[in-house]
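Protein chains: 2
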Amino acid sequence: MKLLEDRIREEGTVKPGDVLKVDAFLNHQCDVALFDAMGEEWARLFEGTQIDKILTIEASGIGIACVAARHFGNVPVVFAKKAQSINLDGDQYSTSIYSFTKQKEFPVIVAKKFLNEGEHVLIIDDFLANGNALNGLLKICETAGVVVEGFGIAVEKGFQGGGDALRNRGYRVESLANVRTMDAETGSIEFN
Amino acid sequence: MKLLEDRIREEGTVKPGDVLKVDAFLNHQCDVALFDAMGEEWARLFEGTQIDKILTIEASGIGIACVAARHFGNVPVVFAKKAQSINLDGDQYSTSIYSFTKQKEFPVIVAKKFLNEGEHVLIIDDFLANGNALNGLLKICETAGVVVEGFGIAVEKGFQGGGDALRNRGYRVESLANVRTMDAETGSIEFN
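These protein sequence lines are chains L and B, in that order.
Going letter by letter, the first sequence gives residues 1 to 192 in the working numbering.
Going letter by letter, the second sequence gives residues 1 to 192 in the working numbering.
These aren't lab readings, by the way, just hints derived from the structure by calculation.
All clues given are correct.
Identical chains blur together in the list; that is why a pair holds if it fits in one copy or across any two.
In silico lysine-lysine, DSS-like type, Cα no more than 25 Å apart, as pairs:
| no. | residue 1 | residue 2 |
| --- | --- | --- |
| 1 | 21 | 113 |
| 2 | 82 | 102 |
| 3 | 82 | 104 |
| 4 | 104 | 139 |
| 5 | 112 | 102 |
| 6 | 112 | 15 |
| 7 | 21 | 2 |
| 8 | 15 | 2 |
| 9 | 113 | 139 |
| 10 | 102 | 15 |
| 11 | 21 | 82 |
| 12 | 139 | 112 |
| 13 | 112 | 21 |
| 14 | 104 | 21 |
| 15 | 21 | 102 |
| 16 | 102 | 113 |
| 17 | 15 | 104 |
Same shape as in the complex, but just chain L (with noise of 0.2 Å):
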């Protein structure tokens, strides 16, 4: 989506370690016109698949995630919340996620009621890099039995795999920007 990838390349920044930073427009200050045109155009990406709700994971996820929610016929959105701890209840769905960016695992959990069975679900979140967040909430969807119809990513980060390893397993990710290489020296982004 070149909107995606002109904003990138215009006010992103490169830093060491692999690090893209998008803050003014993606995950601090949000840009919420971009938003929607980013909704605008996986709702076309998904024209014809059936969608009854948006999964996605606090916090960056969920902004984004609503306003695209409003091209898919206003489905319901349910975000999944970082807890303190796994709490065995019974009420709630629940996972370890491993963040590279924290470096270390956090538990990440959805209510039972709000993933019902046979439900379609597109997975919307930011950033895709290594994809554990996102295997966190596929696992989720799994032991929910919905059924994962695809990804709609802002940015993903090619060159690390996460991506792929996804596609590999015949899911159908959508990512508006997909980083072919990035240099924090020279501050130059490509895109696939």
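Chain B: place on chain L using the hints.
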């Protein structure tokens, strides 16, 4: 706002300890059509007031703020982040907020570049109870030198006093549902 009050009566649950659960439509599963109506109502209430930016706090405020921003001419939404620790690198405004729900203090940060002196800001959040989170955001706004034009709140628990304390300090607080009393035993909820 009758639409929100009715929804709270129908799907909200009162729990012991003054807890009102609205996770079916507001802060775990999100009804984006409801968020859109809420945004429209805040835009009506704040009509004629200059709003350059919307400020909220992760996680539950983000979806509401992003959908509402469309009714304020797509102004940018900035969400304060709950940080692991306060990082005094000079690039961030930070404060500490005590959460009664989680019974602990947590640091909150906003990058300085996203709050510019003289900007007119509307603060949006899902809940206003004792006002701790909003007072934290206010402190950051005061340090940044932005003009806080008011607060757009989904659910105020009026009996906990945080909203009136802000009103007594001269702030405009527009809560779309303001709970006067609620009872965990009978499940009854009454609004102001």
